[in-house]
Each structure stands twice: as C-alpha cells, then as structure tokens.
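Undergrad: Using the sequences plus the hints, can you model the full thing?
Heads up: the protein sequence lines correspond to chains Y and X, in order.
Heads up, the first sequence is in the numbering used here, so the first residue is 1 and it goes up one at a time.
Heads up, the second sequence is in the numbering used here, so the first residue is 293 and it goes up one at a time.
Simulated from the structure, these hints should not be mistaken for lab results.
Don't take each hint at face value.
Simulated coverage check for chain Y against chain X, where a stretch passes if three residues somewhere in it have a Cβ under 8 Å from a Cβ of chain X [said to hold, decoys possible]:
| no. | segment |
| --- | --- |
| 1 | 74 to 88 |
| 2 | 100 to 110 |
Just so you have them, the derived chain X footprint on chain Y, three or more residues with Cβ under 8 Å [unchecked claim]:
| no. | segment |
| --- | --- |
| 3 | 28 to 37 |
| 4 | 265 to 278 |
Even for Gly, the Cβ is constructed at its ideal location relative to N, Cα and C.
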Amino acid sequence: MAELGQYLGNGLTLGCIYALMAIGLTLVFGYMNVVNFAHGEFYMVGAYLAFTITDILGLSFVLGLLAAIVGAIVLGVLVDIGILRKLRQYDDIAMPILATIGLSILLQNLAILIWNPVPKTAGSPVSGSSIDLLVMRTTPQNIFIVVAAAVSVLLAFLFMTRTRAGLKMRATFQDPMASWLMGVNVRRIYAMTFAFGAAMAAIGGVLISTVFQMTPTMGAVATAKSFVVVILGGLGSFPGAILGGLLLGLVESFGAGYLSADYEDAFGLLVLLVVLLLRPRGLFGAPKAVQE
Amino acid sequence: MTFLGTRSFRVLCAVGGVVVLLLAGTMSGSYQSQIASLAAIYVIMATSLNLLLGYSGLLSLGHQAFFGLGAYTSAILCTELGVPMLLGVVLSAALALCVGWLIGRITLRLRAAFFVIATFAVAEIFRLIALNWVELTGGPMGYSGIPPVSLFGQEIISPQAVYPVVFVIAALVVVVVARLAGSSLGYSLRGLAENENLARAVGIDTARHANIVFSLSGAMAAIAGSLYAHTLGFVSPEVFGFPIMINTLLMVIGGGIGTVLGPVIGAVLFTQLPEALRFSDEWRLIIFGLVLVLLVRFMPRGLYGTAVRAYQQRKAQRAPEPAPSDTDRTEVHDGA
Numbered sequence: 001m002a003e004l005g006q007y008l009g010n011g012l013t014l015g016c017i018y019a020l021m022a023i024g025l026t027l028v029f030g031y032m033n034v035v036n037f038a039h040g041e042f043y044m045v046g047a048y049l050a051f052t053i054t055d056i057l058g059l060s061f062v063l064g065l066l067a068a069i070v071g072a073i074v075l076g077v078l079v080d081i082g083i084l085r086k087l088r089q090y091d092d093i094a095m096p097i098l099a100t101i102g103l104s105i106l107l108q109n110l111a112i113l114i115w116n117p118v119p120k121t122a123g124s125p126v127s128g129s130s131i132d133l134l135v136m137r138t139t140p141q142n143i144f145i146v147v148a149a150a151v152s153v154l155l156a157f158l159f160m161t162r163t164r165a166g167l168k169m170r171a172t173f174q175d176p177m178a179s180w181l182m183g184v185n186v187r188r189i190y191a192m193t194f195a196f197g198a199a200m201a202a203i204g205g206v207l208i209s210t211v212f213q214m215t216p217t218m219g220a221v222a223t224a225k226s227f228v229v230v231i232l233g234g235l236g237s238f239p240g241a242i243l244g245g246l247l248l249g250l251v252e253s254f255g256a257g258y259l260s261a262d263y264e265d266a267f268g269l270l271v272l273l274v275v276l277l278l279r280p281r282g283l284f285g286a287p288k289a290v291q292e
Numbered sequence: 293m294t295f296l297g298t299r300s301f302r303v304l305c306a307v308g309g310v311v312v313l314l315l316a317g318t319m320s321g322s323y324q325s326q327i328a329s330l331a332a333i334y335v336i337m338a339t340s341l342n343l344l345l346g347y348s349g350l351l352s353l354g355h356q357a358f359f360g361l362g363a364y365t366s367a368i369l370c371t372e373l374g375v376p377m378l379l380g381v382v383l384s385a386a387l388a389l390c391v392g393w394l395i396g397r398i399t400l401r402l403r404a405a406f407f408v409i410a411t412f413a414v415a416e417i418f419r420l421i422a423l424n425w426v427e428l429t430g431g432p433m434g435y436s437g438i439p440p441v442s443l444f445g446q447e448i449i450s451p452q453a454v455y456p457v458v459f460v461i462a463a464l465v466v467v468v469v470a471r472l473a474g475s476s477l478g479y480s481l482r483g484l485a486e487n488e489n490l491a492r493a494v495g496i497d498t499a500r501h502a503n504i505v506f507s508l509s510g511a512m513a514a515i516a517g518s519l520y521a522h523t524l525g526f527v528s529p530e531v532f533g534f535p536i537m538i539n540t541l542l543m544v545i546g547g548g549i550g551t552v553l554g555p556v557i558g559a560v561l562f563t564q565l566p567e568a569l570r571f572s573d574e575w576r577l578i579i580f581g582l583v584l585v586l587l588v589r590f591m592p593r594g595l596y597g598t599a600v601r602a603y604q605q606r607k608a609q610r611a612p613e614p615a616p617s618d619t620d621r622t623e624v625h626d627g628a
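TA: The following block contains the structure:
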C-alpha cells in the first residue's frame, strides 16, 4: 500500500506538469492549427532560464520563474512574427510543422552550446521530508508543483474567459474574418496566442526542474507527451487538457510501477492511436472552448 | 528555341550527371566512397518520401519506421538464416509493403495534423520495440556482423565497388517514382493533394490510391534501410530515430518538393553538408536546424524547385503565348 500512495503522489505531480504543457499546446494546435513540434523546447528554455537566474546568478525562485515566462513570451512572439506569420498564407499544415521541427533542433543544440549537455539540477524553493496526505505519500516539493501548476492553470483560464484579450483570442479562433471586421488585430492575436502557449510550457519546465534533472533534449519527450494529452483531451479544450494530463501522469506512474518501465512511453502512444481512431475528438467530448 | 531546354539537352545532362556521380563515388578514397553510398541510400529515402509528401501532400513523420524495418529485416534474415543479400533487400521491401498497407489502412483514415501525429506515434512504437525486444534485435547494443553487399554469391567488400550497386538501385527507384508521377496514379495523387473532395467527385478512389502510395513509399524506404544495414554491417535502434526522418525531410524540402530531381539533389547536398561541417560538431546541428527553418520560410520550393520556376518564368516572359497558370508548388514539372 505504501507504494500505491507514492505512485499516486508522483502521478499527480507529473500529471499537473502534463496539464500545463497541454494547455499551451492545445491553444496553439486547436486554435492556430499549428502542430508545434518546438513546444517542448519552450519548456526546456524555461527550465534553463530559471536555472541561470536562480543557481548561477543566485537570485530568487520567483525572479527565475518570471525570467522564464518573459523569455518564452519574447521568443514566442519572435517565432510567430518571423516565421509562422508568413507560413499562414499557404494554408498548409506541413509548412509550420517543418518550420517548428527546424526550430526545435536549433533551440536544442543552442542550449547544448550555451549550457553544455551535462544534466543540471535546480533546487526546489521548498524543502522537507516526505509527508502523508490522505492516501497519498508525497513530498513538499511535489505539493509545491501541484499548487503552482493549479494556480497557473487558473490564471490562464481567467485570462481566457475574463479579459478583453482573452475574448479577442476566442473570437479570432471562431472566425478570424469576422473578428478582423470587428476591429480585432488578428495578426497580433496570433502572436499573442503563440507566446501564451510558449509561456505555459516554460512554467511547466521551471516546475519540473525543481524535482527532476534538466537536459537540453528534455523537450523532445515533453512534446510527444503533450500531443498525447491534447488528443486525449480534445483539441482546444481546457478541461480536456487538465483531465488528460492528470490521466496520463497517473497511467505512467502506475504503469512504470506495476507493469514494464521499458514500454512506459509506448503505452501512452498506443493509447494515443486508439483514441485517434475511435474518438478523434478526444475522450472528454466535443471541445467546448471552440464552441463557446 | 535554343539548345537549352530541348530533349536532347536533357538526355545529355542526365547521362553526364550519371557518369559524374558514378566516377565521383568510385574514383575516390574508401571513406568518400562510403559517403557516396550513404548519399545514394538517402536519395532512395528522399525520393520515396517525396512520392508521399510531394505528390500526395501526405506528411508522414513516421517514414523512418520503414527505413528501420528494412534495416532490421535484412539484418536478421541475412545473418540468422543466410539469405542472400539481394533477396534480403527484396524481402525487406515486401514486408514493408505489407506493413505499410496495414499502417496506411489505420492512419490514412485521419487527415492533416492527425495523420502526422499518428504516423509519428507509430514510428516511436517501432523504435521502442527495437530498443526493448532484445532477443530479436539485440536491444540498445544493436545488431552487428551483417553480411556485406553481395552479387551472385560474391561478397563485395571495398566501398568503391559497393557504391555502383547502391547507385544502380537508387537510380532504379528514382526512375520508378518519375514514371509513377507521370502515370494516372500520379495525377490522381495530385488531385488528392489539391482537393480531395473534388478528386473523389470525379471518381478517383482517393482512399485506395493514398494507401497504395503509402505502402509503396514505405517499401522504397525499406530498400534504403536494407542497403544501409549491408553497407555499414551494423544497425542499432537509431535507424528508427527521428533524426533519420528530419534528414530526409530536409533533403526533400531543400532540394525541391514535388519534383523528381529535387530530392536527389537535396540528398546529395545534405549528406555532404555534415561532412563539410565536420570541423565543428557543436555547430553542425544548429546549422541544420537553421537551414530547415530558413528554407521553409524563404525558399519553400527548395533549390531545384526555385531554379526550375525561375527558368519557366523567364521562358514565359519571352514567349507569352500559352501562359502558365500554375501557382502551386505541386505543379512544378521538371520534365524528367
């Protein structure tokens, strides 16, 4: 039973990171129709930026997190204006995919050049030994991740539903032409959405680096997992991304614990294929946010 | 009409190109010959991906699954059962054709982004199997001692002699794809790429054609993988890796998507590029990534596609009569 509690705690922690990643990807994929193969690289860049601020410069964790968010936003805006804006005119799904694959190779190898390939550890802002919480056995570091992820998701949700910018974003995705006629700067909204997705990934990267080691290639696995979650949850769906993320985290934690750890990643991909074929709109019904 | 652009000029160019490429690979050192063989193998890969992506508009990110499948099939059959090398290549292609048909049946029900992700997932599953099914594949250590390229029972060891064999097979694949592109199948594939509903409305069985081309290109990729295994004598799960896919994409896009010669030029150039950049391992992949981004952003037709188009436009300016109306990259014809 002790293991069960531990798997549950680990699974939930991982699931929260997956949910954060998936929210960023589901917006970019579901709304902009960009299958962003560089999504994981924003997560990696976020982790390394925060590491640079907190561990190399010795500043506070909050400053590190802020630097990661700002860095991801700047990078995201640059990528959208510099690369994706031109590609939108082709109306071809392949072009942005190829461009983001190139971008992911570029960012990965730049990170190797800047920070070297040796895995790094960033400390958690909280410390303490493991504690029992109901049936779960977990650590303060994991609880910190869960709380921080929940706050980030809540803020993102409020941004999308309660602010004018969020309203413009949702309007643009429903009908870009009509929004443009209503005076919405559609180009700016696309850049904003991409930057928003990048920032969510960066937060995920900062949080995961408080418990796991970071490497310049950590983004590749994260991208693949984000795809799994987005498809599990349904394109463009906020609640789907959260539920899908938690589900994948738990399945992986229990699967690695009780079944084969070697095929851990393969199970996720098999689930992805089955869902794509049987329920292409995701496990959790029609994407709500698109229809709102 | 000048000599440039006539049929005899084209034939002359083709013959000249073949002779130069053959000499370049056989008259140089062992190392250069091996690189030349690798380039020819990538010509097969790029040409087969182009059949899928360039003509049918289907972006598969799982093409490396067939490359790996071919490599391991050939490796296991020829090493364990003593199957002759050429038969190994043929059997690899046949197996990939069947597997491709099955995977196509499943994944081609999806379109656009979902097809891309599904093919990516399939290839990852293949890689994980190659990595973990140690009894069959040797696991992460890979599979070594694969018999070299052989012809009529004679093993060919020297890289200078291996190259012409690989070269001839690559040339055959290019010719087959060029023929396919000009056939009725090729035209219905372009219909699929441009407007699937319209193609279906005029009576083209797009689903069947897509599946045929998916398994055919898979079989060609398996031939490339099989030749790779025999040329190097060693395979590891890396043959299922995403980098193989990215290299191939770079070659197709960089050379000229939807043209016959573009991927060939791309494959030759981009197998040489890493060698040219060997002085700096750190910058090699950075430059690779940058080149891919810049190509998609500024030259989506690739080197050859852009050149052909510029030539066509100049010709159209000089003789404005039958004005070419093609604006789409899939309609770039190179007359091969």
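Undergrad: Give me the numbers of the hints this structure contradicts, sorted from smallest to largest.
TA: none
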